[in-house]
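Using the hints, position chain B with the ligands against chain A.
Those protein sequence lines, which keep their order, are chains A and B. For reference, each letter of the first sequence is one residue, going 1 to 333 in my numbering. For reference, each letter of the second sequence is one residue, going 334 to 622 in my numbering.
To be clear, the hints were calculated from the coordinates, so they are not data collected in a lab. Source: prediction; values computed, not measured. It is possible that part of the hints are untrue.
Stated by the list, open to error - Pair by pair, the computed Cβ-Cβ distance ranges are:
(1) A:Asp116 <-> B:Met613: 34 to 44 angstroms
(2) A:His89 <-> B:Leu375: 48 to 58 angstroms
(3) B:Val351 <-> A:Asp116: 15 to 25 angstroms
(4) A:Lys107 <-> B:Asp480: 52 to 62 angstroms
(5) B:Trp385 <-> A:Pro88: 48 to 58 angstroms
(6) A:Lys8 <-> B:Gly617: 49 to 59 angstroms
(7) A:Val170 <-> B:Ile553: 46 to 56 angstroms
(8) B:Glu621 <-> A:Asp106: 30 to 40 angstroms
(9) B:Gly617 <-> A:Pro88: 12 to 22 angstroms
(10) A:Asn163 <-> B:Ile553: 52 to 62 angstroms
(11) B:Pro361 <-> A:Gln82: 53 to 63 angstroms
C-beta: ideal position from N, C-alpha, C; glycine also.
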Amino acid sequence: MGSIHLNKVSKVFGDLKVIPSLDLEINEGEFVVFVGPSGCGKSTLLRLIAGLEDLSGGTISIDGNDVTNAPPAKRGLAMVFQSYALYPHMSVRKNIAFPLKMAGEDKATIDKKVEDAARVLNLTDYLERKPGQLSGGQRQRVAIGRAIVRQPTAFLFDEPLSNLDAALRVTMRLEISELHHELGTTMIYVTHDQVEAMTMADKIVVLNRGNIEQVGSPMELYNHPRNLFVAGFIGSPKMNFVEGKDAQAFGAPTIGIRPEHLSYSSSEGAWKGKVGVAEHLGSDTFCHVHTENSGTMTLRVSGEAGLKHGDTIYLTPEESRIHRFDDKGLAIA
Amino acid sequence: MATTQMRTTARLMLAPSVILLLIWMVVPLAATLYYSFQNYSLLNPITSFAGWGNYYYFLTDPAFSSAVVNTLLLVGGVLLISVVGGTFLALLIDQPIFGQGIVRILVISPFFVMPTVAALVWKNMMMNPIYGIFAWLLSLFGLPPIDFFAQIPLLSVTIIVAWQWLPFATLILLTALQSLDGEQIEAAEMDGAGAVSRFIYLVLPHLSRAITVVILIETIFLLSVFAEILVTTNGGPGTATTNLPFLVYTQALLSYDVGVASAGGVIAIIVANIVAFFLMRIVGKNLEA
Ligand SMILES: Nc1ncnc2c1ncn2[C@@H]1O[C@H](COP(=O)(O)OP(=O)(O)OP(=O)(O)O)[C@@H](O)[C@H]1O
Ligand SMILES: [Mg+2]
Chain A
1 MGSIHLNKVS
11 KVFGDLKVIP
21 SLDLEINEGE
31 FVVFVGPSGC
41 GKSTLLRLIA
51 GLEDLSGGTI
61 SIDGNDVTNA
71 PPAKRGLAMV
81 FQSYALYPHM
91 SVRKNIAFPL
101 KMAGEDKATI
111 DKKVEDAARV
121 LNLTDYLERK
131 PGQLSGGQRQ
141 RVAIGRAIVR
151 QPTAFLFDEP
161 LSNLDAALRV
171 TMRLEISELH
181 HELGTTMIYV
191 THDQVEAMTM
201 ADKIVVLNRG
211 NIEQVGSPME
221 LYNHPRNLFV
231 AGFIGSPKMN
241 FVEGKDAQAF
251 GAPTIGIRPE
261 HLSYSSSEGA
271 WKGKVGVAEH
281 LGSDTFCHVH
291 TENSGTMTLR
301 VSGEAGLKHG
311 DTIYLTPEES
321 RIHRFDDKGL
331 AIA
Chain B
334 MATTQMRTTA
344 RLMLAPSVIL
354 LLIWMVVPLA
364 ATLYYSFQNY
374 SLLNPITSFA
384 GWGNYYYFLT
394 DPAFSSAVVN
404 TLLLVGGVLL
414 ISVVGGTFLA
424 LLIDQPIFGQ
434 GIVRILVISP
444 FFVMPTVAAL
454 VWKNMMMNPI
464 YGIFAWLLSL
474 FGLPPIDFFA
484 QIPLLSVTII
494 VAWQWLPFAT
504 LILLTALQSL
514 DGEQIEAAEM
524 DGAGAVSRFI
534 YLVLPHLSRA
544 ITVVILIETI
554 FLLSVFAEIL
564 VTTNGGPGTA
574 TTNLPFLVYT
584 QALLSYDVGV
594 ASAGGVIAII
604 VANIVAFFLM
614 RIVGKNLEA
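If we strip away everything but chain A, and leave its shape as in the complex, we get (with noise of 0.2 angstroms):
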C-alpha cells in the first residue's frame, strides 16, 4: 500500500508552464523528498498528486489504481500543510477527530483514535486547547496528527518546519523520522533546505523548474551528481567550481571539489590564495579562500583551523573526490 506513480505529468498556469512533463516512481513505504530552490514547482507537484491541482495533462496512479481525476478525499492521502490549516474555532480533539468524523466512524472509535494520536505526539495535555492557544511546534503535531489518524495509503508534506525555529526544526525532523519508521507509510517530504533532505530521505528528487534534475539516495547525490545543478544544491557548504585552465589541468570544461575535500598547506599546493573570513563552528571551520585564478573558495576544515585573515596558503583537492563536468554542465562519467 502506498506506492505512487506519475506518467508524463505536466501542469500550466495560463502560459505559465511550471511542470513540462515529469515521470516519477515513488515505492511503498519510502521517504521521498522534493527538493529545490524557491518557486521551482515542488508544492504545485505535491498538490497535484494531492489532486488539490488538476492536471494539464499525463497520469497519476496510486496503487495501481489510476487517480488522474479523483478527487482528493477518494485518494487516501492525507497532507501537512505549511501554514498547517488547522481549524482555529475546534478544540485539538475535535481538529484530529475531524477526517474521522467525515468518514462517518462512531463515538468510541473516534475517541479512542484521537487518544492513540495524541500519546504517539505527545498531545494528550492539550486536547481541550485551540490551535490559537498552542505552540508553533505544537501546532505542527496537531497537524500531524489530523493526519496520521485516517491511516492514509501516503502522507504529503508540505515544507512543515519552515515555520518552526532551528532547535525545534531539528527535534521535529527526528519526531517526523522516527514516525516514518514506526508507521512505514509512504511519505513524500517538500522543502528547500537541503540538510532537511539529506538528513531525512530514503529517496531525493532535486526539481529545478519543474523537471527532474536527479534521483537518487542522498548518498547517491551526494557522491555523483549528475550535473552542475544538483552538484550545487546537494551538499552544505556549497560545492566550490572551478573553470577555465585551472579545470583543465584536471581534464574537464569544469570540475567540482567540495569544501570537505580541500587539503591545504603554508608552501606548496594547486591553487595559490588568500585567506578570507573564517566561519568557526568549534567542529569545524569554513574558511573563504580568495584564490588568484578560480574565485572565491570554501575550504572547511576540521576542528579550529590556525589560519588568519590574510594568510596566503595553497589549496589542493583530493583527486578520487573531483567531479569533472562536460561543457553543458553533465557530469562526465
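Structure of chain B with the ligands alone, referenced to chain A:
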C-alpha cells in the same frame, strides 16, 4: 497604550469628540424625557405637568402592543432574510465567475437607493396587484394576483426592507468569506469533508463574527424603520404595519400631542435596550476574541 502618559494623551485627544457625542446624545434625550412628563399639545398653548399620564396613555393605546409585536416581527424577518440570503449571495459571488465585478456592483446597488424611492418602486412596480411584476408573473401561471399591502401588509414591508439590507449583509459576509484561509478548505477537502460539511464546520464558524456584526448593526436601524411604512401602507390596514416609530409619529404629528409622542419615544428606547440586551446575550459572545 503601554504607558500612563500615552493613556492620558489618548484620553485628552479623545475628549472633544466624546464630549460632543455626549451633548449630542444627552440633550435630545433630556428634552424627550422632559416633554414626556408634560401635557403638551400643539393645539393647546398651555402646558402643564402630566406625571405618568402620557406613559399610561401610550401604553394603554390599543395600537401599542401590536406595534411592539410588529416591530419585533419586522426586525426579526428582515434579519432572517438578509442574513440567510446574504450568506447565500456572498457564497455565490465569491465564486470565480464571468463578469464578477459587475455582478458584485449589481448586488450591492440596492443599498444606494433611498428608502422612500425603494419603497415606491416596490409598491408601484413590483407589488401592485394590477400592473405589478408579481401580479404579471402569477398571471402567467393562471393564478389570481396578490394584493400585497392588503393581504400580507407586514410581510410586504419586510420584503422591501430586507431587499434594502441584503446588500449590506452580503458585503460584510463576502469580505469575511474572502478572509477564510484557502488551505483550511483544502485541508478539509483532503479530510473527506463534502461541500455541505465544509460549510457547516468551517465556513459558518468563520462567518459567525461577521453575522453577529450584521445582526447588531441592522437591528439598530431596523428598530426605527419608518419611510418604507409611510410610503407604502401608512401603518395600515388598521395597525397591521404600525411599528413603534410609526406609532410615535401618529401620536406626534397626526394627533399633535408632543407629550404622548415623547413618552412613546422613551418607551421605544426602553424596548430597543431590551432587544439589545437579549441580542448581546445571544450573539455577543461571538465578538469576543
Ligand atoms: N495558482 C497559480 N497560478 C499561477 N501561477 C502559479 C500558481 N501556483 C503556483 N504558480 C507558479 O508556479 C511556480 C511554482 O510554484 P510552487 O508553489 O510549486 O513553487 P515551490 O517550489 O513550492 O516554491 P517554494 O519553495 O517557494 O514554496 C511559481 O513560479 C509560481 O509563481
Ligand atoms: Mg511551496
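Legend entry - Which numbered hints fail: Numbers 3, 10, in rising order.
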